[in-house]
Amino acid sequence: MALGSNSLVIRRVKKVKKGGHHGGAWKIALADFALAMMAFFLVLWIISVASPEERETIQGYFQDPMGAGTAGFSANPIDLGGSPAMSIEKKLDLQLPEPGSTDVPSHETGLGNGDESSVSQSLNDLVKEELEKNNIVLSKQKNLRLEITPIGVRITLLDTPDKPMFERGSARMMPDIENTLLTMSSLFNRVKNPIVISGHTDSSKYTGSARLNNWDLSAMRANAARQILEEGGVSDARFAQVTGLGGTVPYNRLNPAGPENRRISITLMTDEAYRKLLNQNRRNFGNPAKQSDLKLTPEMVF
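With this note's numbering, the residue at position 188 of the sequence shown is 303, and numbering never jumps.
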């Protein structure tokens, strides 16, 4: 049947779905992957440049960010060198300027920043040379020892039966030893290394006052040596540690009661050894601050 001119014509058109754009989801996934890789390599870099103590601190922070953690860490930011931080720890040896440094170093940062190329052997040679300039020849000194230790160069003054360093049962120093220490003060003033002094006794029980023992005696003798060095011009800021060890570390382990165990040890520390000592003392004896107790401001951090 023929259609009229006014008839309605219905045309069916089949829609074909064509492939369109995939959207931006892949860009977000790529950005997340790049961020994760950057964080991964940042962690690897921190592990490679951080000391064992600093890695222990970082581990403790992630174990308990709001408290002291099992590692005994401090909540203060850790200065890994070149980055703004609140911490006043010395930076690592990255040849970078100290962030926020000033012209007037504090007591803490003033110690331990001598010439890093000065190793224990060269320091040992310098000590020998200075001793000879003061007419102190090691081969002729029965009560003087010069030794290289893991923390630096140690000068040990030993007691002998015929030439004691102190009056018996006392911290009063004999004139000869006092003059020796005053002479050696010029040596300590030539170098800038931090100084550790330790006093030692033999294993015999102290027979003096009932209120004193070998711990007291060794500590008083170590402090007496420090006072003599200060009289010779050595700055108080140079002393990193002064301790009395009693008879716990005999020089002659085969004869703990021998006179050579009564001694004074003076160690010129290397810079690395001083930094380790400082970090160790902070962890062992410092106050582990909680992050929630810190009142940080932009000025303190940056």
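Careful, some of the hints might be misleading.
[Unchecked claim] Listed next, with one range per pair, are the computed distances between beta-carbon atoms: (1) Glu346 <-> Asp277: 51 to 59 Å; (2) Asn402 <-> Pro167: 43 to 51 Å; (3) Asn367 <-> Met153: 27 to 35 Å; (4) Ala352 <-> Leu157: 18 to 26 Å; (5) Ser166 <-> Arg283: 40 to 48 Å; (6) Arg283 <-> Ala352: 28 to 36 Å; (7) Lys257 <-> Lys320: 25 to 33 Å; (8) Phe155 <-> Gly401: 38 to 46 Å; (9) Val357 <-> Leu145: 37 to 45 Å; (10) Asn402 <-> Arg283: 22 to 30 Å; (11) Arg170 <-> Asp277: 33 to 41 Å; (12) Arg170 <-> Lys320: 27 to 35 Å; (13) Pro167 <-> Pro276: 51 to 59 Å.
Simulated from the structure, these hints should not be mistaken for lab results. Beta carbons: idealized from backbone N, C-alpha and C, even for Gly.
Going down the list of hints, with the structure as the test:
1. Glu346 <-> Asp277: 51 to 59 Å: Once the Cβ atoms are compared, 26 Å apart, the range 51 to 59 Å for aspartate 277 and glutamate 346 is violated.
2. Asn402 <-> Pro167: 43 to 51 Å: For asparagine 402 and proline 167 the Cβ distance comes to about 22 Å; the hint is violated.
3. Asn367 <-> Met153: 27 to 35 Å: Check failed, 58 Å falls outside 27 to 35 Å.
4. Ala352 <-> Leu157: 18 to 26 Å: 37 Å, violated
5. Ser166 <-> Arg283: 40 to 48 Å: This hint holds: roughly 45 Å between Cβ atoms.
6. Arg283 <-> Ala352: 28 to 36 Å: 34 Å, holds
7. Lys257 <-> Lys320: 25 to 33 Å: 26 Å, holds
8. Phe155 <-> Gly401: 38 to 46 Å: 32 Å, violated
9. Val357 <-> Leu145: 37 to 45 Å: 60 Å, violated
10. Asn402 <-> Arg283: 22 to 30 Å: 41 Å, violated
11. Arg170 <-> Asp277: 33 to 41 Å: Check failed, 52 Å falls outside 33 to 41 Å.
12. Arg170 <-> Lys320: 27 to 35 Å: 44 Å, violated
13. Pro167 <-> Pro276: 51 to 59 Å: With a Cβ separation near 44 Å, proline 167 and proline 276 fall outside 51 to 59 Å, so the hint is violated.
Violated hints for the displayed structure, listed by number in ascending order: 1, 2, 3, 4, 8, 9, 10, 11, 12 and 13.
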